[in-house]
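Please build the complex by placing chain B on the supplied structure of chain A, with the hints as guidance.
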Amino acid sequence: MDQEIDSFISFKLGEEYFAISVSKVLNILQLVQITKVPTAPEYMKGVINLRGTVLPIIDIRMKFGMDPIQYQRDTVILVLNVQIENENVDAGILVDSVKEVFEIKKEEVLPPPGIGSKYKSKFVDGIYKMSDDRFVMLLDIDKIFSSDEMVMLKETADSEESANAQQIE
Amino acid sequence: MDNFQSKFLEEAGDLINQLEQALLTLEQDTDNPALVDSIFRIMHSLKGGGGMFGFENISNYTHKMENMYDLVRQKKLKVTREMLDVTFESADHITSMLNDDGSKTDAIAANEVILNKRIDAILNGDSEQDEMVSPAAAATEKSEGVETYYVKVKPYERIQQNGTNPFFLIDELAGLGKNKANIFYSNIPDFENFVFDETYIWWEMILATDKGEDAIRDVFIFVEDDCEVTIDKIADADIFPMEGIEPLLVCRHDFPFDLEKIKSLAGAVTALEKAKQEKAAKEADAGDEHIKKFTKESSISGIRVASEKIDQLMNLVSELITTQAGLNLYADNHKSNELTRITESLENISRQLRDTAFSITLIPIDYLVVRFRRLVRDLSREVGKEIIFDARGAETELDKTLIEGLSEPLMHILRNSIDHGIETAEERKAKGKPPEGKIILQAYYSGSQVVIAVTDDGKGMDLDKIRNKAIDRGLINGDEQLSEKEILDLIFLPGFSTSDKVTNISGRGVGMDVVKRKVSDIRGTVSVSTEKDEGTTITIKLPLTLSIIDGMLVRIANTDYIIPLSVIDTIFAVEHTKIEKSFNNIINIEGVQYPFYYLRDEFGIEGEKPEREEIIMVKYDDKKIGIVVDHITGEYQAVLKPLGKMYRQEDVFSGASILGDGTVALVLDTHKVINQFTKYNDN
Numbered sequence: 001m002d003q004e005i006d007s008f009i010s011f012k013l014g015e016e017y018f019a020i021s022v023s024k025v026l027n028i029l030q031l032v033q034i035t036k037v038p039t040a041p042e043y044m045k046g047v048i049n050l051r052g053t054v055l056p057i058i059d060i061r062m063k064f065g066m067d068p069i070q071y072q073r074d075t076v077i078l079v080l081n082v083q084i085e086n087e088n089v090d091a092g093i094l095v096d097s098v099k100e101v102f103e104i105k106k107e108e109v110l111p112p113p114g115i116g117s118k119y120k121s122k123f124v125d126g127i128y129k130m131s132d133d134r135f136v137m138l139l140d141i142d143k144i145f146s147s148d149e150m151v152m153l154k155e156t157a158d159s160e161e162s163a164n165a166q167q168i169e
Numbered sequence: 170m171d172n173f174q175s176k177f178l179e180e181a182g183d184l185i186n187q188l189e190q191a192l193l194t195l196e197q198d199t200d201n202p203a204l205v206d207s208i209f210r211i212m213h214s215l216k217g218g219g220g221m222f223g224f225e226n227i228s229n230y231t232h233k234m235e236n237m238y239d240l241v242r243q244k245k246l247k248v249t250r251e252m253l254d255v256t257f258e259s260a261d262h263i264t265s266m267l268n269d270d271g272s273k274t275d276a277i278a279a280n281e282v283i284l285n286k287r288i289d290a291i292l293n294g295d296s297e298q299d300e301m302v303s304p305a306a307a308a309t310e311k312s313e314g315v316e317t318y319y320v321k322v323k324p325y326e327r328i329q330q331n332g333t334n335p336f337f338l339i340d341e342l343a344g345l346g347k348n349k350a351n352i353f354y355s356n357i358p359d360f361e362n363f364v365f366d367e368t369y370i371w372w373e374m375i376l377a378t379d380k381g382e383d384a385i386r387d388v389f390i391f392v393e394d395d396c397e398v399t400i401d402k403i404a405d406a407d408i409f410p411m412e413g414i415e416p417l418l419v420c421r422h423d424f425p426f427d428l429e430k431i432k433s434l435a436g437a438v439t440a441l442e443k444a445k446q447e448k449a450a451k452e453a454d455a456g457d458e459h460i461k462k463f464t465k466e467s468s469i470s471g472i473r474v475a476s477e478k479i480d481q482l483m484n485l486v487s488e489l490i491t492t493q494a495g496l497n498l499y500a501d502n503h504k505s506n507e508l509t510r511i512t513e514s515l516e517n518i519s520r521q522l523r524d525t526a527f528s529i530t531l532i533p534i535d536y537l538v539v540r541f542r543r544l545v546r547d548l549s550r551e552v553g554k555e556i557i558f559d560a561r562g563a564e565t566e567l568d569k570t571l572i573e574g575l576s577e578p579l580m581h582i583l584r585n586s587i588d589h590g591i592e593t594a595e596e597r598k599a600k601g602k603p604p605e606g607k608i609i610l611q612a613y614y615s616g617s618q619v620v621i622a623v624t625d626d627g628k629g630m631d632l633d634k635i636r637n638k639a640i641d642r643g644l645i646n647g648d649e650q651l652s653e654k655e656i657l658d659l660i661f662l663p664g665f666s667t668s669d670k671v672t673n674i675s676g677r678g679v680g681m682d683v684v685k686r687k688v689s690d691i692r693g694t695v696s697v698s699t700e701k702d703e704g705t706t707i708t709i710k711l712p713l714t715l716s717i718i719d720g721m722l723v724r725i726a727n728t729d730y731i732i733p734l735s736v737i738d739t740i741f742a743v744e745h746t747k748i749e750k751s752f753n754n755i756i757n758i759e760g761v762q763y764p765f766y767y768l769r770d771e772f773g774i775e776g777e778k779p780e781r782e783e784i785i786m787v788k789y790d791d792k793k794i795g796i797v798v799d800h801i802t803g804e805y806q807a808v809l810k811p812l813g814k815m816y817r818q819e820d821v822f823s824g825a826s827i828l829g830d831g832t833v834a835l836v837l838d839t840h841k842v843i844n845q846f847t848k849y850n851d852n
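Just so you know, the protein sequences line up as chains A and B, in that order. Using the working numbering, the first residue of the first sequence is number 1, and each one after it goes up by one. Using the working numbering, the first residue of the second sequence is number 170, and each one after it goes up by one.
Chain A on its own, in the form it takes in the complex (with noise of 0.2 Å):
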């Protein structure tokens, strides 16, 4: 049997819990001033100033088809290296808090569900279920940046968030 262990960090968006690989997360920033870049579209909140190099931040709850971010305490930027068309690019994304780090066995991860779900599966990895019960997400943050279409389901386009989608696309 497969017993690799991975380490994942998990983060909040709304209400619902979502997973990345700790590989692909570079560092984890408080809330800084974003320059806007006018002409971009929404989800694209800007630039801001990491270390001397112009880091773009993206409003990752957008792309999942939920409400623009309301800045709170709790606000992080997640800084990623993403692969996009096979070149590496750091990116940040604005989540609205951050959970904790853990471990997960490969083998205590489910499939992600095929029918019925409210995110299309090609950006999900699996599904893991918590200690308190809770599941969370693990999402394949390579393919959410490298596409241009919404990580949430249309079809299944019936909550509120879901019609704000809509309306972005």
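FYI, nobody ran anything at the bench for these hints, they're computed from the structure. Note that the coordinates shown come from a computational prediction; the quantities given were computed from them, not determined experimentally. Glycine is no exception: its CB is placed at the ideal position from the N, C-alpha and C atoms. Accuracy of the hints is not assured; some may be wrong.
Said to hold, decoys possible - Below, a list of computed lysine-lysine pairs in the DSBU-like style, where the Cα atoms sit at most 35 Å apart:
| # | chain 1 | residue 1 | chain 2 | residue 2 |
| --- | --- | --- | --- | --- |
| 1 | A | K36 | B | K778 |
| 2 | B | K687 | A | K24 |
| 3 | A | K36 | B | K607 |
| 4 | A | K143 | A | K12 |
| 5 | A | K99 | B | K814 |
| 6 | A | K122 | B | K810 |
| 7 | A | K36 | B | K710 |
| 8 | A | K36 | B | K792 |
To be verified - Residues on chain A that point at chain B, a partial pick, calculated with CB under 7 Å:
| # | residue |
| --- | --- |
| 9 | Q33 |
| 10 | T35 |
| 11 | P38 |
| 12 | T39 |
| 13 | V47 |
| 14 | N49 |
| 15 | V54 |
| 16 | P56 |
| 17 | V89 |
Chain B alone, transformed into the frame defined by chain A:
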């Protein structure tokens, strides 16, 4: 591949460049011995370096070329067209071997067989009456002009650490003629002190050669600093056949030759005395000449620095400039005379450091011109046109990355001129023009820009033909009224190509739109002007450097923007009401009508508009167009940072820059701003 090998490859590339340059000049001036010499030297360097760093193929091949030019040097061969052609092709051949890390693919090997045959033909063509077996054999068999030398080679212990195998040196030395050599092992240390890559042995050699002392010195050209070489002339003749010399030339390792005896026996003592006196006088001259030659070469070529180091230097300078901005801000907020004084003098130094550091990254356009000469030469022959290529201002310097980016578009422009621009000799005669066409590449500075213009004296572009083609292709409507400039701009549109047939010269399907795109990739602009039957000029304008610009820091709402100073003409303060009242984005300032863009609106920035705003007149081609911002902060040295892949769609910004307080300002490309919003508003 190890470090030395890649260094050799790099150097070999430079040598090939020099070779082409020398060949092109030799073509014009076939009797110039200095050029033949320099070609010979290049071949020799390639051979030596190739052998030393394990590129046997290159070493073997250049050996033949070296022989050929050696014969020319000795006036046994004359420079012919065929010889030049073969050498040009050999340069390509060596380049392709270099590109393959010195190995031979089947195609390269096949090519080499063909080239070898041609070289042999050239060599044999002359040897009919001379019966020359091979140059090497000729060298040893002819006793005329043979001199005998004593050569002592004492490599320093470190010699192998530079990738030199001293045995190769001795081999090469032995290749010069008849010889006897002694090896000295006495310096080899005890086993425990022995370091495997250090060299302890040394040689002495009695060498009879007709190649002269310079040839012996040439062997050590790469290792001058790594070994001690003594060259002493024993006799003006070959001493090996002399009677009774044999016992004196027996190799007994660790026992030196008895030079005195050899010399006296050779009966050369008297001759030598005489020669010595002459030599003493000559040596003073020759020594001077040598020194002159070396200092001249080194003052031209300078030092070779890895480009990563330069990149690192540039990054540090960039950081310094950013930190400097932080200090300026701090000094402004703390009104202290002393602090202000120090900050100002520090800023002065940073500015100078910036300029000096940037000048390091600049290389002359000449670097490209050599390649273009070759291209024009080859292509014009292919299409059967006589074309003179003239490069002016090749010493104009440009950023390294810009030079790289320019190569392809310029190549394309030249191809177009050769293929479509210049007429055939008959057509030209009929028009009363000189039969040979002319292409002039001209480079010069203009303010903060570099201008590169390619002019041909060909048939020029046919405006009607361009117009009709654009209508055919659906790029414009048939009833559209266009100015001459607008018609000419059509050739830069994707999907436009004036040539009906595809040739392998102007390429397949790629047109001027590619040129335009490549040039805009390096933040440049292209324009064209043409006169029927007089010719066409294509002008490329480029910024001097890519990474630091002098800019004007401006503000809209709570965001900072930087506009390059080079595009700013004038700045006026205006009341917002005046902008509000203006009609069709035209504003009247001091009696002149200016079109303008209100950036707040164009960028969709909300919020309260200030009562007084600033209108910056920027240069747009030959027009001045206003850009309205909230507030002008002041001049600013901006270190350009890329916005990155995710913002590549937003090309109205050429980058970003980090301000003294750590926030990010966006650098506006006013040309693109105007283009984009003009299009947007037209739609």
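Going through the hints against the structure:
no., hint, result
1, K36/A with K778/B, "holds, 18 Å"
2, K687/B with K24/A, "holds, 34 Å"
3, K36/A with K607/B, "violated, 52 Å"
4, K143/A with K12/A, "holds, 19 Å"
5, K99/A with K814/B, "holds, 29 Å"
6, K122/A with K810/B, "holds, 34 Å"
7, K36/A with K710/B, "holds, 31 Å"
8, K36/A with K792/B, "holds, 30 Å"
9, Q33, "holds, 6 Å"
10, T35, "holds, 4 Å"
11, P38, "holds, 3 Å"
12, T39, "holds, 5 Å"
13, V47, "holds, 5 Å"
14, N49, "holds, 5 Å"
15, V54, "holds, 5 Å"
16, P56, "holds, 4 Å"
17, V89, "holds, 5 Å"
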